[in-house]
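There are 2 protein chains.
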Amino acid sequence: MPDWDAVRYRRFEDDRTRPSHELLARVPLAGAKLAYDLGCGPGNSTELIIARFPEARVIGVDSSPAMLEEARHRLPGAQFVKGDLAVWTPEEKPDLLFANAVFQWVPNHPATLKRLFGGLASGAVLAVQMPDNLDEPSHALMREAAAQGPWAAKMAKAAATRGGLPEPASYYDLLKPIASKVDIWHTIYNHVLENDRAIVDWVRSTGLRPFLDALEPGEEDAFLESYRTRLAKAFPPRVDGKVLLRFPRLFIVAERA
Amino acid sequence: MPDWDAVRYRRFEDDRTRPSHELLARVPLAGAKLAYDLGCGPGNSTELIIARFPEARVIGVDSSPAMLEEARHRLPGAQFVKGDLAVWTPEEKPDLLFANAVFQWVPNHPATLKRLFGGLASGAVLAVQMPDNLDEPSHALMREAAAQGPWAAKMAKAAATRGGLPEPASYYDLLKPIASKVDIWHTIYNHVLENDRAIVDWVRSTGLRPFLDALEPGEEDAFLESYRTRLAKAFPPRVDGKVLLRFPRLFIVAERA
Numbered sequence: 058m059p060d061w062d063a064v065r066y067r068r069f070e071d072d073r074t075r076p077s078h079e080l081l082a083r084v085p086l087a088g089a090k091l092a093y094d095l096g097c098g099p100g101n102s103t104e105l106i107i108a109r110f111p112e113a114r115v116i117g118v119d120s121s122p123a124m125l126e127e128a129r130h131r132l133p134g135a136q137f138v139k140g141d142l143a144v145w146t147p148e149e150k151p152d153l154l155f156a157n158a159v160f161q162w163v164p165n166h167p168a169t170l171k172r173l174f175g176g177l178a179s180g181a182v183l184a185v186q187m188p189d190n191l192d193e194p195s196h197a198l199m200r201e202a203a204a205q206g207p208w209a210a211k212m213a214k215a216a217a218t219r220g221g222l223p224e225p226a227s228y229y230d231l232l233k234p235i236a237s238k239v240d241i242w243h244t245i246y247n248h249v250l251e252n253d254r255a256i257v258d259w260v261r262s263t264g265l266r267p268f269l270d271a272l273e274p275g276e277e278d279a280f281l282e283s284y285r286t287r288l289a290k291a292f293p294p295r296v297d298g299k300v301l302l303r304f305p306r307l308f309i310v311a312e313r314a
Numbered sequence: 058m059p060d061w062d063a064v065r066y067r068r069f070e071d072d073r074t075r076p077s078h079e080l081l082a083r084v085p086l087a088g089a090k091l092a093y094d095l096g097c098g099p100g101n102s103t104e105l106i107i108a109r110f111p112e113a114r115v116i117g118v119d120s121s122p123a124m125l126e127e128a129r130h131r132l133p134g135a136q137f138v139k140g141d142l143a144v145w146t147p148e149e150k151p152d153l154l155f156a157n158a159v160f161q162w163v164p165n166h167p168a169t170l171k172r173l174f175g176g177l178a179s180g181a182v183l184a185v186q187m188p189d190n191l192d193e194p195s196h197a198l199m200r201e202a203a204a205q206g207p208w209a210a211k212m213a214k215a216a217a218t219r220g221g222l223p224e225p226a227s228y229y230d231l232l233k234p235i236a237s238k239v240d241i242w243h244t245i246y247n248h249v250l251e252n253d254r255a256i257v258d259w260v261r262s263t264g265l266r267p268f269l270d271a272l273e274p275g276e277e278d279a280f281l282e283s284y285r286t287r288l289a290k291a292f293p294p295r296v297d298g299k300v301l302l303r304f305p306r307l308f309i310v311a312e313r314a
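Just so you know, the protein sequences line up as chains A and B, in that order.
Under the numbering used here, the first sequence has 284 at position 227, and the numbering climbs by one with no breaks.
Under the numbering used here, the second sequence has 311 at position 254, and the numbering climbs by one with no breaks.
These are calculated hints, taken from the structure and not from any lab test.
Heads up, a few of these hints could be off.
Claimed, not checked - FRET-style restraints, in silico, Cβ to Cβ:
| # | chain 1 | residue 1 | chain 2 | residue 2 | range |
| --- | --- | --- | --- | --- | --- |
| 1 | B | P111 | A | P293 | 38 to 46 Å |
| 2 | B | K238 | A | P164 | 33 to 41 Å |
| 3 | A | D258 | B | A82 | 24 to 32 Å |
| 4 | B | N165 | A | S179 | 49 to 57 Å |
| 5 | A | G88 | B | K150 | 47 to 55 Å |
| 6 | B | R285 | A | K211 | 53 to 61 Å |
As the list claims (entries may be wrong) - Listed below are the simulated SDA-like cross-link pairs for lysine to any residue, each with C-alpha atoms no more than 25 Å apart in a straight line:
| # | chain 1 | residue 1 | chain 2 | residue 2 |
| --- | --- | --- | --- | --- |
| 7 | B | K238 | A | R295 |
| 8 | A | K299 | B | S227 |
| 9 | A | K171 | B | G298 |
| 10 | A | K233 | A | R295 |
Said to hold, decoys possible - Only some residues are given here: those of chain B computed to face chain A with a beta carbon under 7 Å:
| # | residue |
| --- | --- |
| 11 | T74 |
| 12 | V144 |
| 13 | W145 |
| 14 | T146 |
| 15 | P225 |
| 16 | N247 |
| 17 | L250 |
| 18 | E251 |
| 19 | R254 |
| 20 | K290 |
| 21 | A291 |
| 22 | D297 |
Ideal Cβ positions, reconstructed from N, Cα and C, are used throughout, including at glycine.
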């Protein structure tokens, strides 16, 4: 997959940073010496962790060199390292593993979460947020547009890039045997966006990427127009002409026993 | 309806106060001179509002004399008044109308929300949270137990006490024409409870009340057992023997234009 579009991603920084805020607010630690920000992206969440735990060493981990470069530019005082979460292991035992909007991209992520949580010391915290939106119109229509066009064959793999998330009870059963407490919740945001084109822009730097990457040069405009036309029907304008993008996210905060 | 069971309600104070915390965290006010806590109950949410706006006059409003007495005992410095939200109007224009878990009981509450929001000055905030759980097994099974027993006839009215909530888009269209901003989200908590009996205890002081109030003396045990048996099937014990009570809540924060 080509590298992430760091500039486009930052256009939606406020709405996108809110889940990090809300996840961090539920981390039950009075202080921290060492915290990792897994899938740190351009450092939005890293900045929040530093503000919450100013005394901590905070290390951001990401697989994208472009994101790491943005993050280093933004937070020259923090440390950023390249890593693939499927195999990554912290060098020292941290007080906090924070992972906002990244584990949905890790194949069989429950096993990875269990491995990383198992490696924590007693009292340390794993805090995870993942979008849980594959059944939403924004994503179902992406797959529909992919399946109904000259690009259908090569899109099949992209549509299978991410599977839906397991139920909260499944994460509870996974982590509770080695946890003192596991708190799991969903928040379903309704982002106020200008119109259907803004929905395309929103998902373009994230969920839409595997689809766009599978297209031949020159096919992108037609695919995006097919997708946008479907969005226009599913997201009628509200009283002020704007659209509400429903966006469910899953949150997990587990304390190691 | 008999008065609310203030003692039972407070047993679940932490889990129940969390939505107030999260609602208040989204109120975009730097300060406040006057705030009303509508449906203040025993004062849990009033206490949070006072902590957030220590300089404000905070007035709790509730229809239950027992709850108001509890609240006055808890917060001797605050002011508490009896009121029915369907007709209540603030005496002075407040900076904040805060309403946690009360408007679901007000008939045709959207009209009341619109009336109260319309009466606010520019820049003031309406912040509302309502349980949105009538389609959850915890509540569907309540209606099922009510419909299948010797008590079915007299329970019909209780089952109709509350209607389901409108969609987020509906509240957006209702408030946006006179708002500078409307933020609407759901959070679906998964409360960790000991067992199915604990679920009965949880809903007993709230959603189950209209059903229990409709029963003849002596029928309560049989009805509760019928309900609990259904819960036991719908909420299998997790890996640690506990059950997860899925509990969706709707949040609205609107700023008056």
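Comparing the hints with the structure gives:
1. B:P111 <-> A:P293: 38 to 46 Å: 44 Å, holds
2. B:K238 <-> A:P164: 33 to 41 Å: At roughly 39 Å between Cβ atoms, P164 (chain A) and K238 (chain B) fall inside 33 to 41 Å, so the hint holds.
3. A:D258 <-> B:A82: 24 to 32 Å: Cβ of D258 (chain A) to Cβ of A82 (chain B): about 28 Å, so the range 24 to 32 Å holds.
4. B:N165 <-> A:S179: 49 to 57 Å: 52 Å, holds
5. A:G88 <-> B:K150: 47 to 55 Å: Taking Cβ atoms as reference, G88 (chain A) and K150 (chain B) lie about 42 Å apart, which means the hint is violated.
6. B:R285 <-> A:K211: 53 to 61 Å: 54 Å, holds
7. B:K238 <-> A:R295: 13 Å, holds
8. A:K299 <-> B:S227: 13 Å, holds
9. A:K171 <-> B:G298: OK: K171 (chain A) and G298 (chain B) at ~20 Å, within 25 Å.
10. A:K233 <-> A:R295: The hint is violated at about 43 Å.
11. T74: At about 14 Å, which exceeds the 7 Å cut-off, the nearest Cβ of chain A leaves the hint on T74 (chain B) violated.
12. V144: Because about 27 Å separates V144 (chain B) from the closest Cβ in chain A, which is outside the 7 Å limit, the hint is violated.
13. W145: Cβ of W145 (chain B) sits 27 Å from chain A, so the hint is violated.
14. T146: 25 Å, violated
15. P225: OK, holds: P225 (chain B) within 7 Å of chain A, min 5 Å.
16. N247: Holds, about 5 Å.
17. L250: 12 Å, violated
18. E251: Result: violated, 14 Å to nearest chain A Cβ.
19. R254: 19 Å, violated
20. K290: 15 Å, violated
21. A291: 12 Å, violated
22. D297: 5 Å, holds
Violated hints, listed in ascending order, are 5, 10, 11, 12, 13, 14, 17, 18, 19, 20 and 21; each of the other numbered hints is respected by the structure.
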